[in-house]
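Chemist: Please put together the full structure from these sequences, using the hints given.
Single-letter residue listing:
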Amino acid sequence: MISYEESRLPVRADIVQAHNVAWGRLARAGSWLDGKTRVAIAAETRHAPQCELCRRRKEALSPYSIAGQHDSLGTLPERIVEQIHRIVSDPGRLTRKWFDGVIAFGTSDVEYVEIVGVIATVVSIDTFCRAIGMPPSALPDPMPGEPHRRRPRTAHQRGEAWVPMIHPKDLEGDLDTEEEKALAKYWGGVLANIRRALSLVPEEAYAWFQLVETQYLPGKWMRDFSQEFRAITHAQIELIAGRVSVLNQCFY
Amino acid sequence: MLRESSKTTGENYDLTVLTGRTGDGNIRHGALLVAFADAVLGSDDARLAGIRSEIRTKVGDAALIDAAAIVATFNAIDRVADSTGIQIEESKAEATADFRTALGINAFAENRGEITDPRSRIAPTR
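Quick note, the sequences are listed as chains Y and U, same order. With our numbering applied, the first sequence closes on residue 1703, and no number is skipped along the way. With our numbering applied, the second sequence closes on residue 890, and no number is skipped along the way.
Bear in mind the hints are in silico, worked out from the structure with no lab data behind them. A hint or two may mislead.
List of simulated lysine to aspartate or glutamate pairs, EDC-like, C-alpha gap at most 20 Å [stated by the list, open to error]:
hint, chain 1, residue 1, chain 2, residue 2
1, Y, LYS1509, U, ASP802
2, U, LYS856, Y, ASP1675
3, U, LYS771, Y, GLU1679
4, Y, LYS1671, U, GLU768
5, Y, LYS1620, U, ASP802
Interface residues of chain U toward chain Y, partial, derived using beta-carbon atoms under 7 Å [claimed, not checked]:
hint, residue
6, THR772
7, THR773
8, LEU782
9, ALA836
10, THR837
11, ILE852
12, GLU854
13, ALA859
14, GLY877
Every residue, glycine too, gets a C-beta built ideally from N, C-alpha and C.
Modeler: Right, dumping it as structure tokens:
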């Protein structure tokens, strides 16, 4: 269980709750990965910054010019370690060719997206801890259970991303899975690509944005400049967001 | 969103603070909040502790929490965007074309062999 009581800072209750919900999800079977694998991915996400190969690649003019083996915890296949370490260490220089290589080595597109969801959860919550001066929370123990392995038939490759995504219009008709139905209820209307990025695995898309909306702002508040909803203003929020994205060399 | 906020509120924010220009960018405590983002993503723990303390004194504890939550969100959301290869939406590309060029942000996409504007529909080179 995540607690920030030791920080003696007024961490909002909704943040504490959202972090605990996200942490609990890490431990349970997801759509394509079991709890043990998801927690192993979380652990490898934390371990990636200590990788010597990643350090050398980060310093190189092109990360693709440096070969070698990652320093990993040894619990996951190398293809998954490569995905985790590159996304953690050097996300701004990922390319379509690199993505195609990860898929060619045997990671399915749905597994890839679920792994991204796990990485994002751990990076986000660990970053919060660092920002407020707390050590990272202990990872949860994996829970038993099998993934349901239901692929949404509404997800398509339209050239808007490397991964197939669901478009809101796809959710207007009859839907096969509970996950798509939940997404349809949650979405509604035209959505930015970032909200759709993980939609090939609807549960990850939904869960990830529950965390985002708690830490950042719900959609309806984002563009309501007539009032402020946090202890910092819209402008201060977007200044921080923009600066972080520049540091990460994120074009989107 | 910062630009949208600037237009809506009538404030004239200086977006060059995003790419390294010193100053507040006409945003209250702007320099301090940029320094906070830099320190959280950096590795100097002592510097981060100092900036954290300065935010608590000048802006308040609740502001520190909310600022931390924003850094936490975008440090991860950038990775979601970059690892899934999502393109910028056409409407957003049109609305931001001038300042993306001015701030040099297009280079982030060009360095990845990605197109910077989906309206151009030019096949990526890599």
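Chemist: Now tell me if each hint is right for this structure.
Modeler: Each hint tested on the structure:
1. LYS1509/Y to ASP802/U: Cα-Cα ~18 Å, so holds.
2. LYS856/U to ASP1675/Y: holds, 18 Å
3. LYS771/U to GLU1679/Y: Between LYS771/U and GLU1679/Y the Cα gap is close to 16 Å, so the pair holds against 20 Å.
4. LYS1671/Y to GLU768/U: holds, 14 Å
5. LYS1620/Y to ASP802/U: violated, 39 Å
6. THR772: holds, 4 Å
7. THR773: holds, 6 Å
8. LEU782: holds, 5 Å
9. ALA836: At about 4 Å, which falls below the 7 Å cut-off, the nearest Cβ of chain Y leaves the hint on ALA836/U intact, so it holds.
10. THR837: With Cβ-Cβ at 4 Å, under 7 Å, it holds.
11. ILE852: holds, 6 Å
12. GLU854: violated, 10 Å
13. ALA859: Constraint on ALA859/U not satisfied, violated at 13 Å.
14. GLY877: Nearest chain Y Cβ about 5 Å off; hint holds.
In this structure, the earlier hints numbered 5, 12, 13 are contradicted, and the remaining ones agree with it.
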